[in-house]
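So the protein lines, in turn, are chains A and B. According to this note's numbering, the residues represented by the first sequence are 1 to 444, in order. According to this note's numbering, the residues represented by the second sequence are 1 to 262, in order.
Rather than coming from a laboratory, the hints here were simulated on the basis of the structure. It is possible that part of the hints are untrue.
[What the hints assert, rightly or not] In silico lysine-lysine, DSSO-like type, Cα no more than 27 Å apart, as pairs:
1. B/K152 / A/K438
2. B/K152 / B/K174
3. B/K142 / A/K268
4. A/K350 / A/K268
5. A/K139 / B/K143
6. B/K46 / B/K142
7. B/K142 / B/K90
8. A/K140 / B/K130
9. B/K127 / A/K350
10. B/K130 / A/K392
11. B/K142 / B/K174
12. B/K174 / B/K130
13. B/K152 / A/K139
14. B/K90 / A/K438
15. A/K139 / B/K127
16. B/K90 / A/K350
17. A/K350 / B/K46
18. B/K193 / B/K127
19. A/K268 / B/K90
20. A/K350 / B/K94
21. B/K94 / B/K143
22. B/K130 / B/K90
23. A/K140 / B/K174
24. A/K362 / B/K152
25. A/K362 / A/K139
26. A/K362 / A/K377
27. A/K350 / A/K362
28. A/K362 / B/K130
29. A/K377 / A/K392
On a predicted model such as this, the values are computed, not experimentally measured, just so you know.
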Amino acid sequence: MSDTPAQTVPFVRDTMLPPAPPPASQAGALRWLRENLLSGPLNIALTLLGIGAVWYLLQGIVPWLAHSVWSADNLTQCRQIITDRWGEGATGACWAVIRERWTQFLFGFYPQHLYWRPTLAFALLFVALAPVLFARVPKKLLWFSVAYPFVAFWLLWGGSLFLPLTVAAGFGLGWAAFALLHRFGTIPAVAAAVLLPVLWWLLFAGDLSRDLTGLVGREVPFWLEQVRSDKFGGFVLAITIGVAGIALSLPLGIMLALGRQSDMFLIKTLAVSFIEFIRGVPLITLLFTASLLLNYFLPPGTTFDIILRVIIMVTLFAAAYIAEVIRGGLAALPRGQYEAADALGLDYWKAQRLIILPQALKISIPGIVSTFIGMFKDTTLVVFVGLLDPLKGITDAVRASTDWKGIYWEPYIFVGAIFFIFNFAMSRYSMHLERRLKTDHRQE
Amino acid sequence: MSEVIDRRIDRSHMQVSDEVAIQISRMNKWYGSFHVLRDIDMTVHKGERIVICGPSGSGKSTLIRCINRLEEHQSGKIVVDGIELTSDLKNINKVRSEVGMVFQHFNLFPHLTILENCTLAPIWVRKTPKREADEVAMHFLKKVKIPEQAHKYPGQLSGGQQQRVAIARSLCMKPRIMLFDEPTSALDPEMIKEVLDTMIELAEEGMTMLCVTHEMGFAQAVANRVIFMDQGQIVEQNEPAEFFRNPRSDRTKLFLSQILGH
Ligand SMILES: Nc1ncnc2c1ncn2[C@@H]1O[C@H](COP(=O)(O)OP(=O)(O)O)[C@@H](O)[C@H]1O
Ligand SMILES: [Mg+2]
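Same shape as in the complex, but just chain A (with noise of 0.2 Å):
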């Protein structure tokens, strides 16, 4: 013990401690109050900027929404009675717009008496998402989702049943293919199982629709009223790209990341040139191209419905940037991972899907879903290619009436807080999401 110092005295603990409660704090809000808002000269005069910020704002914005008109024929009008009611210079809401073209702003100029098919579409979306969106719903109903794009294309355009249902049978056709060319190895069946379908569409679908049509007349159960694609406006508008835009545009974003980071030359640059390409060109210039260009390379006489090409264009959009969402995800990964997966002999799909992608959509999540609301928001952009969005081809469309002419903040405020609905909801479902998958048990 020598080069022990020699004031060191040995020491033997003989009690243990026990655990005491930290100090008791001035707690209460004096304290919050002091720590958060008025900690220093600075912090002092920050929050009182912000107050009067807040107060100037308030200023303009509550005498407006109190004196809110809810009925009133037209805007001369409900000046009117605004003027009346608080005086001259006063000034109000004209919440009667809203009332009395709500409908416009959701279903656009979409047939009156057909307006319950589109919600009737919009409830039955629910169902088919609750198996998807979450666990406690029994799987059984994903049965419906599977089926529910078909339904909602029938409610919503109407027509023949028999369109929908040969459509449905050539995916159908390509399931079984790949079914049961699977044993004779992947190659040959991912070849059937898209070639089949494609056949089938390209050269029996139409006709077979038609003749089935024929056969048994254009009565309700396998005939619903037609509505073509310009009637389609509104929320319904909106609504039907960006559900049909972020359904389809999920699995392509996986098949595009896991292409950037195949070993295979030709795949991997093809993937990094299309998410390239796209990523590089503004949405607006995809529209334009599929309201305008398409036209020149399909053949003339064809007939490609306007939506459904908007569709394809915000999809493939949207997939880019999901992809480099997932490949994020994906680079995240240790190396282990796959590994590990290797080692147990699973192959290159079954490491991904049951080991790869849920951990990387995982760490993805945020990033997709904000993806998914930045392509709902841009669903409004539809209006440059002639369709009635509702932030402006149908605000517009309800200013240019006499009535309404002049009215200008409400019809904005009402279809951004229908927007805010739908972007909230999304946005909170990821982090209840993020919650249910968390199984990492990192200490925060």
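Following the hints, position chain B with the ligands against chain A.
Same frame as chain A, but now just chain B with the ligands:
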């Protein structure tokens, strides 16, 4: 050095047969232009317990990763359980499902429960019905002494427990050969023993094992052969008692004096 091995080893089932499990001949591997494995010749018989040691960077991991083709070799021949490793994916997956591997950092799947970690490969690779896979998994989890953790996630377990799950996960595929790449070097000292105990039990049951490890106590107690590697080559191999008592090459002597600290 052998304080972690505190029990008698039951050698009644440790029999080396004439059957060849792994045959490596004149195998070379490069990373780019770096010659990482040079002319490796090695025959492993069924039932052998081989410990591979050597300085860091000598190519030990690369060697055992070539055996289940996590790494590709560029020349020479590797035959595992009668199957030659070529770029044929079918053969590679067949070999991988016969050869279990335990990694230094466990590499459990954090999004799956312990039980799901263990049943995943049997269900998806071996096509075992789920019920049966669950039973097999519980059997091996009992064997590694953590059946009560089956429904937890890897992140909730200690390092030693995670490594035992990783061993159980490999065993669920009923492998004929087990590869270990420094299974204890990421563990705190008090957890090393529980993992080594599990490995000893496996050896006692006659498993063919290749272990990269610096646990010389384990090598002396369990191995029938110790291989010393340096600079991508097998420098010396011998039975453990001789290897430690009478190392022949200077490199081996230097290495042993460094890790044993005399
Ligand atoms: N993926 C790789 N690319 C390039 N060099 C590598 C790679 N993996 C390992 N090496 C190099 O190969 C040598 C052997 O590595 P490794 O087999 O991990 O050694 P050990 O396991 O014996 O420590 C080291 O010099 C290492 O830097
Ligand atoms: Mg190593």
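Okay, the hints, checked on the actual structure:
1. B/K152 / A/K438: holds, 13 Å
2. B/K152 / B/K174: holds, 23 Å
3. B/K142 / A/K268: violated, 45 Å
4. A/K350 / A/K268: OK: A/K350 and A/K268 at ~20 Å, within 27 Å.
5. A/K139 / B/K143: Status violated; Cα separation ~35 Å.
6. B/K46 / B/K142: holds, 26 Å
7. B/K142 / B/K90: With a Cα-Cα distance of about 32 Å, the restraint between B/K142 and B/K90 is violated, given a limit of 27 Å.
8. A/K140 / B/K130: holds, 19 Å
9. B/K127 / A/K350: It holds: about 13 Å lies between the C-alpha atoms, which stays within 27 Å.
10. B/K130 / A/K392: Distance of about 55 Å is beyond 27 Å: violated.
11. B/K142 / B/K174: holds, 15 Å
12. B/K174 / B/K130: holds, 16 Å
13. B/K152 / A/K139: Holds: B/K152 and A/K139 sit about 24 Å apart, inside 27 Å.
14. B/K90 / A/K438: Distance of about 35 Å is beyond 27 Å: violated.
15. A/K139 / B/K127: OK: A/K139 and B/K127 at ~22 Å, within 27 Å.
16. B/K90 / A/K350: Between B/K90 and A/K350 the Cα gap is close to 14 Å, so the pair holds against 27 Å.
17. A/K350 / B/K46: With Cα atoms ~31 Å apart, A/K350 and B/K46 exceed 27 Å; violated.
18. B/K193 / B/K127: With Cα atoms ~34 Å apart, B/K193 and B/K127 exceed 27 Å; violated.
19. A/K268 / B/K90: holds, 24 Å
20. A/K350 / B/K94: holds, 15 Å
21. B/K94 / B/K143: holds, 26 Å
22. B/K130 / B/K90: holds, 24 Å
23. A/K140 / B/K174: violated, 34 Å
24. A/K362 / B/K152: This hinted pair holds, its Cα atoms lying about 19 Å apart.
25. A/K362 / A/K139: Since the Cα atoms of A/K362 and A/K139 sit roughly 20 Å apart, the hinted pair holds (cutoff 27 Å).
26. A/K362 / A/K377: holds, 24 Å
27. A/K350 / A/K362: Cα-Cα ~17 Å, so holds.
28. A/K362 / B/K130: holds, 25 Å
29. A/K377 / A/K392: holds, 12 Å
Checked against the numbered hints listed earlier, the structure breaks hints 3, 5, 7, 10, 14, 17, 18, 23; every other hint is satisfied.
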